[in-house]
Amino acid sequence: MRDFLDRVLASGPQSVAIFYYSGFAAQSNGENFLVPVDAIIKEESDLAGEAFRLRDFIDELAKTPLTARIIILDASRDHQFGLASSKPLAKGLAAEDMISGTLVAFAAAPGAISIDGSEDQSLYTETLVATMRQRGLDLEQIFKKTRLQISKTTSRTQIPWMISALDVELHLFGASNQEVAQNDPQPKKSRSKKARNHPVPIGALRELIRRAPF
12 MRDFLDRVLA
22 SGPQSVAIFY
32 YSGFAAQSNG
42 ENFLVPVDAI
52 IKEESDLAGE
62 AFRLRDFIDE
72 LAKTPLTARI
82 IILDASRDHQ
92 FGLASSKPLA
102 KGLAAEDMIS
112 GTLVAFAAAP
122 GAISIDGSED
132 QSLYTETLVA
142 TMRQRGLDLE
152 QIFKKTRLQI
162 SKTTSRTQIP
172 WMISALDVEL
182 HLFGASNQEV
192 AQNDPQPKKS
202 RSKKARNHPV
212 PIGALRELIR
222 RAPF
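Under our numbering, think of the first position of the sequence shown as 12, with each following residue one higher.
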(Lines of atoms letter the chains of each structure in order from A and count residues from 1; the text may use other names and numbers.)
(Lines give C-alpha, C1' and ligand atoms only; values in the text may rest on other atoms or scores of the structure.)
Protein backbone atom coordinates (compact mmCIF):
# COMPACT_ATOMS: atom_id res chain seq x y z
CA MET A 1 0.00 0.00 0.00
CA ARG A 2 2.94 2.30 0.62
CA ASP A 3 4.10 1.67 -2.94
CA PHE A 4 0.65 2.61 -4.25
CA LEU A 5 0.63 5.86 -2.26
CA ASP A 6 4.12 6.74 -3.54
CA ARG A 7 3.02 6.17 -7.13
CA VAL A 8 -0.07 8.31 -6.58
CA LEU A 9 2.04 11.13 -5.17
CA ALA A 10 4.33 11.02 -8.20
CA SER A 11 1.41 11.08 -10.66
CA GLY A 12 0.57 14.76 -10.14
CA PRO A 13 -2.51 16.78 -9.10
CA GLN A 14 -4.41 16.17 -12.37
CA SER A 15 -4.51 12.42 -11.75
CA VAL A 16 -7.33 10.23 -10.47
CA ALA A 17 -6.30 7.61 -7.91
CA ILE A 18 -8.22 4.33 -8.10
CA PHE A 19 -7.84 1.69 -5.41
CA TYR A 20 -9.71 -1.57 -6.01
CA TYR A 21 -9.65 -4.23 -3.30
CA SER A 22 -11.23 -7.66 -3.62
CA GLY A 23 -10.79 -9.95 -0.64
CA PHE A 24 -11.65 -10.20 3.02
CA ALA A 25 -12.10 -7.34 5.45
CA ALA A 26 -13.51 -6.92 8.93
CA GLN A 27 -14.76 -4.17 11.19
CA SER A 28 -13.97 -3.39 14.81
CA ASN A 29 -15.39 -0.50 16.86
CA GLY A 30 -16.59 1.25 13.71
CA GLU A 31 -13.24 0.88 11.92
CA ASN A 32 -12.61 -1.20 8.79
CA PHE A 33 -9.56 -3.40 8.33
CA LEU A 34 -8.34 -5.01 5.09
CA VAL A 35 -7.15 -8.53 5.87
CA PRO A 36 -4.20 -10.03 3.90
CA VAL A 37 -4.45 -13.63 2.73
CA ASP A 38 -1.78 -14.78 5.19
CA ALA A 39 -3.23 -13.01 8.24
CA ILE A 40 -4.26 -15.04 11.29
CA ILE A 41 -7.30 -13.48 12.95
CA LYS A 42 -8.36 -15.53 15.95
CA GLU A 43 -9.91 -12.66 17.87
CA GLU A 44 -10.73 -8.99 17.42
CA SER A 45 -7.48 -7.76 18.96
CA ASP A 46 -5.50 -9.48 16.17
CA LEU A 47 -6.72 -6.98 13.59
CA ALA A 48 -4.40 -4.19 14.68
CA GLY A 49 -1.30 -6.29 14.07
CA GLU A 50 -2.43 -8.51 11.19
CA ALA A 51 -4.56 -6.23 9.00
CA PHE A 52 -4.45 -2.78 7.39
CA ARG A 53 -6.59 -0.06 8.95
CA LEU A 54 -8.57 1.45 6.08
CA ARG A 55 -8.90 4.87 7.71
CA ASP A 56 -5.11 5.27 7.81
CA PHE A 57 -4.95 4.57 4.08
CA ILE A 58 -7.80 6.97 3.25
CA ASP A 59 -6.26 9.74 5.37
CA GLU A 60 -2.90 9.33 3.61
CA LEU A 61 -4.60 9.41 0.22
CA ALA A 62 -6.57 12.53 1.20
CA LYS A 63 -3.33 14.42 1.84
CA THR A 64 -2.25 13.98 -1.78
CA PRO A 65 -3.43 16.68 -4.25
CA LEU A 66 -5.53 14.85 -6.86
CA THR A 67 -8.49 15.41 -9.15
CA ALA A 68 -10.34 12.59 -7.38
CA ARG A 69 -9.85 9.49 -5.25
CA ILE A 70 -11.87 6.34 -5.96
CA ILE A 71 -11.86 3.45 -3.48
CA ILE A 72 -13.74 0.28 -4.45
CA LEU A 73 -14.12 -2.36 -1.74
CA ASP A 74 -15.40 -5.77 -2.81
CA ALA A 75 -14.79 -7.01 0.71
CA SER A 76 -18.10 -7.46 2.52
CA ARG A 77 -17.67 -11.22 2.46
CA ASP A 78 -18.97 -13.72 5.02
CA HIS A 79 -15.70 -14.18 6.92
CA GLN A 80 -15.02 -16.65 9.70
CA PHE A 81 -12.76 -14.45 11.82
CA GLY A 82 -12.90 -14.99 15.57
CA LEU A 83 -15.34 -17.90 15.49
CA ALA A 84 -13.22 -19.82 17.99
CA SER A 85 -13.19 -16.94 20.46
CA SER A 86 -15.92 -15.87 22.84
CA LYS A 87 -16.61 -12.82 20.66
CA PRO A 88 -16.66 -13.46 16.88
CA LEU A 89 -15.96 -10.41 14.73
CA ALA A 90 -18.93 -8.50 13.36
CA LYS A 91 -19.96 -9.26 9.80
CA GLY A 92 -19.85 -6.71 7.00
CA LEU A 93 -18.08 -3.37 6.98
CA ALA A 94 -18.68 -0.08 8.78
CA ALA A 95 -19.64 3.12 6.96
CA GLU A 96 -16.80 5.57 6.30
CA ASP A 97 -16.90 9.33 6.83
CA MET A 98 -17.26 11.49 3.74
CA ILE A 99 -14.04 13.13 2.54
CA SER A 100 -13.94 15.90 -0.07
CA GLY A 101 -12.88 14.70 -3.50
CA THR A 102 -13.30 11.04 -2.57
CA LEU A 103 -15.71 8.24 -3.48
CA VAL A 104 -15.82 5.03 -1.45
CA ALA A 105 -17.88 2.14 -2.84
CA PHE A 106 -18.84 -0.97 -0.90
CA ALA A 107 -20.16 -4.28 -2.25
CA ALA A 108 -22.88 -4.29 0.41
CA ALA A 109 -24.57 -1.95 2.86
CA PRO A 110 -22.90 -1.31 6.25
CA GLY A 111 -23.06 -4.40 8.43
CA ALA A 112 -24.31 -6.60 5.58
CA ILE A 113 -22.52 -9.35 3.68
CA SER A 114 -22.20 -9.79 -0.08
CA ILE A 115 -22.92 -12.76 -2.34
CA ASP A 116 -19.88 -14.53 -3.80
CA GLY A 117 -21.35 -14.98 -7.28
CA SER A 118 -19.47 -17.01 -9.89
CA GLU A 119 -16.32 -19.04 -9.29
CA ASP A 120 -14.01 -16.32 -10.63
CA GLN A 121 -15.71 -13.07 -9.66
CA SER A 122 -18.20 -11.83 -7.11
CA LEU A 123 -21.64 -10.67 -8.16
CA TYR A 124 -20.61 -7.11 -7.27
CA THR A 125 -17.47 -6.97 -9.41
CA GLU A 126 -19.13 -8.75 -12.33
CA THR A 127 -22.08 -6.33 -12.31
CA LEU A 128 -19.85 -3.29 -11.78
CA VAL A 129 -17.61 -4.11 -14.74
CA ALA A 130 -20.63 -4.78 -16.98
CA THR A 131 -22.06 -1.37 -16.03
CA MET A 132 -18.72 0.36 -16.60
CA ARG A 133 -18.85 -0.84 -20.20
CA GLN A 134 -21.96 1.25 -20.81
CA ARG A 135 -20.90 4.53 -22.38
CA GLY A 136 -22.30 7.90 -21.40
CA LEU A 137 -22.47 7.27 -17.64
CA ASP A 138 -20.42 9.20 -15.14
CA LEU A 139 -18.83 7.27 -12.29
CA GLU A 140 -21.51 8.03 -9.71
CA GLN A 141 -24.19 6.88 -12.17
CA ILE A 142 -22.25 3.66 -12.72
CA PHE A 143 -22.26 2.82 -9.03
CA LYS A 144 -25.93 3.76 -8.73
CA LYS A 145 -26.91 1.50 -11.64
CA THR A 146 -24.79 -1.29 -10.16
CA ARG A 147 -26.62 -0.91 -6.84
CA LEU A 148 -30.04 -1.01 -8.48
CA GLN A 149 -29.16 -4.03 -10.62
CA ILE A 150 -27.76 -6.09 -7.73
CA SER A 151 -30.61 -5.09 -5.44
CA LYS A 152 -33.07 -6.33 -8.08
CA THR A 153 -31.11 -9.51 -8.85
CA THR A 154 -30.86 -10.51 -5.18
CA SER A 155 -34.36 -9.35 -4.19
CA ARG A 156 -32.67 -6.74 -1.96
CA THR A 157 -30.60 -9.35 -0.15
CA GLN A 158 -27.50 -7.42 -1.21
CA ILE A 159 -27.55 -3.65 -1.65
CA PRO A 160 -24.22 -2.06 -2.60
CA TRP A 161 -23.32 1.18 -0.83
CA MET A 162 -21.53 4.36 -1.92
CA ILE A 163 -20.25 7.42 -0.09
CA SER A 164 -19.29 10.21 -2.48
CA ALA A 165 -17.99 13.75 -2.14
CA LEU A 166 -16.49 14.04 -5.63
CA ASP A 167 -15.85 17.53 -6.94
CA VAL A 168 -15.90 16.51 -10.63
CA GLU A 169 -17.97 14.31 -12.92
CA LEU A 170 -15.78 11.42 -14.04
CA HIS A 171 -16.40 9.58 -17.30
CA LEU A 172 -14.40 6.46 -18.06
CA PHE A 173 -14.44 7.06 -21.80
CA GLY A 174 -15.90 10.54 -22.05
CA ALA A 175 -19.38 11.33 -23.37
CA SER A 176 -19.93 11.94 -27.08
CA ASN A 177 -21.79 15.06 -28.24
CA GLN A 178 -24.65 12.85 -29.32
CA GLU A 179 -24.92 11.29 -25.89
CA VAL A 180 -24.88 14.72 -24.26
CA ALA A 181 -27.64 15.90 -26.56
CA GLN A 182 -29.78 12.86 -25.78
CA ASN A 183 -29.30 13.03 -22.02
CA ASP A 184 -29.43 16.79 -21.60
CA PRO A 185 -31.13 18.77 -24.41
CA GLN A 186 -30.09 22.04 -22.80
CA PRO A 187 -26.90 21.37 -20.83
CA LYS A 188 -26.41 23.71 -17.92
CA LYS A 189 -23.26 24.43 -16.01
CA SER A 190 -23.15 22.50 -12.75
CA ARG A 191 -22.96 24.65 -9.63
CA SER A 192 -21.29 22.08 -7.40
CA LYS A 193 -18.97 20.27 -9.80
CA LYS A 194 -16.68 21.08 -12.70
CA ALA A 195 -17.97 21.12 -16.28
CA ARG A 196 -20.28 18.25 -17.18
CA ASN A 197 -19.00 15.45 -19.40
CA HIS A 198 -15.36 16.42 -18.93
CA PRO A 199 -13.52 13.12 -19.46
CA VAL A 200 -10.79 12.44 -16.93
CA PRO A 201 -8.09 9.95 -18.03
CA ILE A 202 -8.24 6.92 -15.74
CA GLY A 203 -6.43 4.30 -17.75
CA ALA A 204 -5.95 1.75 -14.98
CA LEU A 205 -9.68 1.29 -14.56
CA ARG A 206 -10.18 1.07 -18.31
CA GLU A 207 -7.58 -1.71 -18.36
CA LEU A 208 -9.54 -3.59 -15.68
CA ILE A 209 -12.66 -3.37 -17.85
CA ARG A 210 -10.88 -4.48 -21.02
CA ARG A 211 -9.16 -7.45 -19.40
CA ALA A 212 -12.09 -8.67 -17.34
CA PRO A 213 -12.93 -12.23 -18.52
CA PHE A 214 -16.68 -11.67 -18.25
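The set of hints was computed from the structure by calculation and includes no laboratory data.
Where hints are given, some of them may not hold.
Derived CB-CB ranges, DEER-like [stated by the list, open to error]:
no.	residue 1	residue 2	range
1	GLN91	MET12	18 to 28 Å
2	ARG13	THR168	18 to 28 Å
3	ARG18	THR165	34 to 44 Å
4	GLY147	GLY122	26 to 36 Å
5	THR164	LYS98	30 to 40 Å
6	ARG64	MET173	17 to 27 Å
7	LYS155	GLY122	12 to 22 Å
8	GLU54	GLN152	18 to 28 Å
Here are the simulated EDC-like cross-link-like pairs (lysine to aspartate or glutamate), alpha carbons at most 16 Å apart as the crow flies [claimed, not checked]:
no.	residue 1	residue 2
9	LYS74	ASP17
10	LYS155	GLU180
11	LYS156	GLU137
12	LYS102	ASP17
13	LYS102	ASP127
14	LYS98	GLU137
15	LYS155	ASP127
16	LYS102	GLU54
17	LYS98	ASP57
Just so we're clear, the structure is a prediction, and the values are computed from it rather than from any experiment.
The beta carbon of each residue, even a glycine, is placed where N, CA and C say it ideally should be.
Against the structure, the hints:
no.: 1; hint: GLN91 with MET12: 18 to 28 Å; verdict: holds, 24 Å
no.: 2; hint: ARG13 with THR168: 18 to 28 Å; verdict: violated, 37 Å
no.: 3; hint: ARG18 with THR165: 34 to 44 Å; verdict: holds, 36 Å
no.: 4; hint: GLY147 with GLY122: 26 to 36 Å; verdict: holds, 34 Å
no.: 5; hint: THR164 with LYS98: 30 to 40 Å; verdict: holds, 34 Å
no.: 6; hint: ARG64 with MET173: 17 to 27 Å; verdict: holds, 21 Å
no.: 7; hint: LYS155 with GLY122: 12 to 22 Å; verdict: holds, 21 Å
no.: 8; hint: GLU54 with GLN152: 18 to 28 Å; verdict: violated, 41 Å
no.: 9; hint: LYS74 with ASP17; verdict: holds, 12 Å
no.: 10; hint: LYS155 with GLU180; verdict: holds, 14 Å
no.: 11; hint: LYS156 with GLU137; verdict: holds, 13 Å
no.: 12; hint: LYS102 with ASP17; verdict: violated, 32 Å
no.: 13; hint: LYS102 with ASP127; verdict: holds, 15 Å
no.: 14; hint: LYS98 with GLU137; verdict: violated, 33 Å
no.: 15; hint: LYS155 with ASP127; verdict: violated, 20 Å
no.: 16; hint: LYS102 with GLU54; verdict: holds, 13 Å
no.: 17; hint: LYS98 with ASP57; verdict: holds, 12 Å
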